[in-house]
Amino acid sequence: MSKYFLNYLDELESEAIFILREVWAQFENPVILFSGGKDSILVTHLAKKAFYPAKIPFALLHVDTGHNFPETLQFRDDLVNKLGVKLIVGSVQQSINDGRVAEERGKNATRNALQITTLLDTIEEHKIDCAIGGGRRDEEKARAKERFFSHRNDFGEWDPKNQRPELWNLLNGKHFEGEHFRAFPISNWTEMDVWNYIKRENIDIPSLYVAHKREVVWRSNSWIPVSEFLKLEEGEEIHNKKIRFRTLGDITITGGIESEADSLEKIVEEVAAMRKTERGDRSDDKRSETAMEDRKKQGYF
Amino acid sequence: MEINNNQLLRFTTAGSVDDGKSTLIGRLLYDSKSIFEDQLESVSATSAKKGHKGVDLALFTDGLRDEREQGITIDVAYRYFTTPKRKFIIADTPGHIQYTRNMVTGASTANAAVILIDARHGVIEQTKRHSFIASLLNIPHLIVCINKMDLVEYSEQRFNEIIGQFEEFSSKLLMKDVRFIPISALDGDNVVNRSEKMDWYQGGTLLNILETLHISSDINKIDARFPVQTVLRPQSEEHRDYRGYAGRVASGIYRLGDEVAVLPSGFTSRIFSMNSGETELEEAYAPMSIAMTLEDDIDVGRGDMIVKLNNQPEPVQEFDVMLCWLNDDSAKPRAKYTVMHTSNEQRIMIKEVIYKVDINTYERIEQDKSLNMNDIARVKLRCTKPLMLDSYRDNRNTGSIILVDENTNETVAAGMMV
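These protein sequence lines map, in sequence, to chains R and L. Numbered per this note's numbering, the first sequence spans residues 1 to 301. Numbered per this note's numbering, the second sequence spans residues 1 to 418.
There's no promise every hint is true.
[Claimed, not checked] Mimicking DSSO-like on lysine-lysine, the simulated pairs with C-alpha atoms at most 30 Å apart in a straight line are: (1) R/Lys-48 to L/Lys-221; (2) R/Lys-3 to L/Lys-176; (3) L/Lys-332 to R/Lys-174; (4) L/Lys-172 to L/Lys-380; (5) L/Lys-33 to R/Lys-199; (6) L/Lys-176 to R/Lys-161; (7) R/Lys-231 to R/Lys-199; (8) R/Lys-48 to R/Lys-161; (9) L/Lys-380 to R/Lys-174; (10) L/Lys-33 to R/Lys-174; (11) R/Lys-161 to L/Lys-172; (12) R/Lys-242 to R/Lys-266; (13) R/Lys-161 to L/Lys-221; (14) L/Lys-380 to L/Lys-332; (15) R/Lys-297 to L/Lys-49.
By construction, these hints were calculated from the structure, which means they are not laboratory data. Predicted model, so just to flag it, every value in this text is computed and none were measured.
Turn these sequences into a full structure, and let the hints steer you where they fit.
This is the structure:
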């Protein structure tokens, strides 16, 4: 084979860097949506590469539901310090206090949907015209149709049937005041690609992804971590299990899997052998067949 | 799976609901073990609810609520799978006439196109349309799958008849590499696994062909083109004088010390350094994203193109393109648009519609000068300042443009330099 070709990870990296640079060139005030999960950590790492030796020119925006893993917040603050970037926090608790949203009621109440309002309010308040996300098309069927540059109207809504066609490498980020874009530089990566790349580049990730002992309860087919927010239901027992998380969301809804994978090598092996999608353990996606699509249309990540 | 030197292959699929395109993709994903248990459970449940026998493979690819309800694919959807030999990205596009725009979109970055023909019906208008777009977009490899062979008794004669039909009309098209495979997506014959019912077919399965297509030379490695996206100026203690030009190599190969010209200004210099993140590079080639510094302090910014001194594109202000109209709003006569070409932007006017193409018959229409959704036409454009264009046949990255409507900001047309 010829010497002058890129392997698939190099090609994905190059594509993501290209998109991040287009965001910087085409928008006034872009930010990276940072959740503390591996995908947003990856996007931040790629941004560092894209602008080296200059600093990352984007602030990190974290929508804080108040239901965090403590490890996530620590990781976020350490990373912000190390990179010397600005951190913007949008607080769901503040949105509740201000009466912008009301806490969900009932047994399966979460703050997942409430994030939409907080996110859109923060975008408006800080005059953000592009929010860079770590969404991947392989995650979920509604995400399979996202563009790299995804237009949102002045209500922050996504119209999947009326998206701008995206051809070759020509990204059209033109917008009117009040509208914004979402940019998805790692659209074409799969979960396996993300892990292989994290391993190759030896990127720091929160310890939650690595197998560790934790108090958990068995609920909706996964191990939900014990936290101050967890109310035990009848018949539920606390177990001490060696688990790890495949995705990180709110501590109230993110289920772990039993695992012995305590190193990046072992995680990669484990992911390769998995027969379930990573969002399979997220109760927010299980509400209905089109749960993700419905949230995305309203302005979700 | 180990990190290795596997390549990435992007392909597009075209066909209508009835061709079994969604079933084919479902089959590829299913037989290559790229479908997860929870996806399978969800699809099995939906299949049962709809009263299908067994698992309806097509449901793996139907994404949005509207299309689930209508049973059609309405937009480009991307799918991923990996085998021990390659990573694949499928741009799955609908085959209906009103969706030419999506097919063009899906085809624009593809290494290969998979076209489906129903063995019972043979070549139909839609086949001609898809083939035309594959040829227009200069997709390097075309794989024609003659599907539903189970419904024509796995007949070799029928297979050859359809190849004959295909070759007859496609002689008018420019296509470099065309393959034909007899398959049954429903039963999985010759998709991932070899068919036991068609021992007369000696070629590879669809997956086998996708895994072995030679794609290293799909990118132009001769004409070095480096469009500058943005300028990096760290202004830190450590990198006080660093002024790097960030971009992705569109084509060709650059080496340290190469004599280069910056277009459109024409200033010349030599490459002083190149880096990808913290890694210093001695050479860089397409499609690498890099930062480049030059020996001389000259004025370079977004929209400029750094090329080799001895191989430069022609700056043109008035030129012909094959234009595909992608918007509900038709082109207005002598209307002005913003043109985007690599990292460059100018204003442009549609001077003249020379002819439109009937993509079913490939005939030229010279009387009708309107440009409406899904029209493909040869047009003459005039730009406010010269663009550094290559012919699209030579270079997909520097021979392509899009037009943006200044009133709506929408992408209204895609053009390929003739």
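Hints, verified against the model:
{"no.": "1", "hint": "R/Lys-48 to L/Lys-221", "result": "holds, 28 Å"}
{"no.": "2", "hint": "R/Lys-3 to L/Lys-176", "result": "holds, 23 Å"}
{"no.": "3", "hint": "L/Lys-332 to R/Lys-174", "result": "holds, 21 Å"}
{"no.": "4", "hint": "L/Lys-172 to L/Lys-380", "result": "holds, 23 Å"}
{"no.": "5", "hint": "L/Lys-33 to R/Lys-199", "result": "holds, 24 Å"}
{"no.": "6", "hint": "L/Lys-176 to R/Lys-161", "result": "violated, 34 Å"}
{"no.": "7", "hint": "R/Lys-231 to R/Lys-199", "result": "violated, 37 Å"}
{"no.": "8", "hint": "R/Lys-48 to R/Lys-161", "result": "violated, 34 Å"}
{"no.": "9", "hint": "L/Lys-380 to R/Lys-174", "result": "holds, 25 Å"}
{"no.": "10", "hint": "L/Lys-33 to R/Lys-174", "result": "violated, 40 Å"}
{"no.": "11", "hint": "R/Lys-161 to L/Lys-172", "result": "violated, 34 Å"}
{"no.": "12", "hint": "R/Lys-242 to R/Lys-266", "result": "holds, 14 Å"}
{"no.": "13", "hint": "R/Lys-161 to L/Lys-221", "result": "violated, 37 Å"}
{"no.": "14", "hint": "L/Lys-380 to L/Lys-332", "result": "holds, 14 Å"}
{"no.": "15", "hint": "R/Lys-297 to L/Lys-49", "result": "holds, 26 Å"}
Hints 6, 7, 8, 10, 11 and 13 from the earlier list are contradicted by this structure; the remaining hints agree with it.
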